[in-house]
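In our numbering, the protein residues as written are 1 to 125.
Just so you know, not all the hints are guaranteed correct.
[What the hints assert, rightly or not] Simulated crosslink set (DSBU-like; lysine-lysine; CA at most 35 Å straight-line):
id	residue 1	residue 2
1	K10	K22
2	K22	K40
3	K22	K81
4	K40	K10
5	K88	K40
Hints were generated in silico from the structure; no laboratory data involved.
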Amino acid sequence: LIEGQLLIPKGSSSSISFQVPKEFGSFPQESFAVEYNSNKVATVSCPDQSTDNFTISVLDNTLEELNTTFNFLAQLTPDAKSGIINPKTIAYSFYSSEGDVFNDSINYAAKNISAVTTDGGIYTT
Numbered sequence: 001l002i003e004g005q006l007l008i009p010k011g012s013s014s015s016i017s018f019q020v021p022k023e024f025g026s027f028p029q030e031s032f033a034v035e036y037n038s039n040k041v042a043t044v045s046c047p048d049q050s051t052d053n054f055t056i057s058v059l060d061n062t063l064e065e066l067n068t069t070f071n072f073l074a075q076l077t078p079d080a081k082s083g084i085i086n087p088k089t090i091a092y093s094f095y096s097s098e099g100d101v102f103n104d105s106i107n108y109a110a111k112n113i114s115a116v117t118t119d120g121g122i123y124t125t
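From just these sequences and the hints, can you work out the full model?
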């Protein structure tokens, strides 16, 4: 699960894009809405397959500053999965079109691949 935080300044109607690290894939195939107080305030577009860039388009000029979150499912690519053979922490960087870099880490736990288990990772916040 990838979670993003969106801050829309009062009166803004501009768009912004962000890039998901290359280790992730299987993104949503259709655009989806971002809501604030049950109102649709923005749309997140499908990623550009060559760059994994998502675009967030603000729908209308807002009358107040809005701060909300959105999330979507993603999976590690086969190459990324094959690189995790021992428990470890991997840091990932997300880039925005505004020049910001957001870093987050996932702690990967050891798994017995012959046993039935759930919860593929331990996530820090």
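Proposed proximity, K40 with K22 (alpha carbon, max 35 Å): Roughly 29 Å separates the two Cα atoms, so the pair holds.
Pair hint K40 and K10, alpha-carbon separation not exceeding 35 Å: holds (16 Å)
Given hint K81 paired with K22 - CA-CA distance at most 35 Å: holds (12 Å)
Restraint status (C-alpha distance of K88 to K40 at most 35 Å): violated (39 Å)
K10 paired with K22 [C-alpha distance capped at 35 Å]: holds (33 Å)
Consistency with the previously given hints fails for number 5 only.
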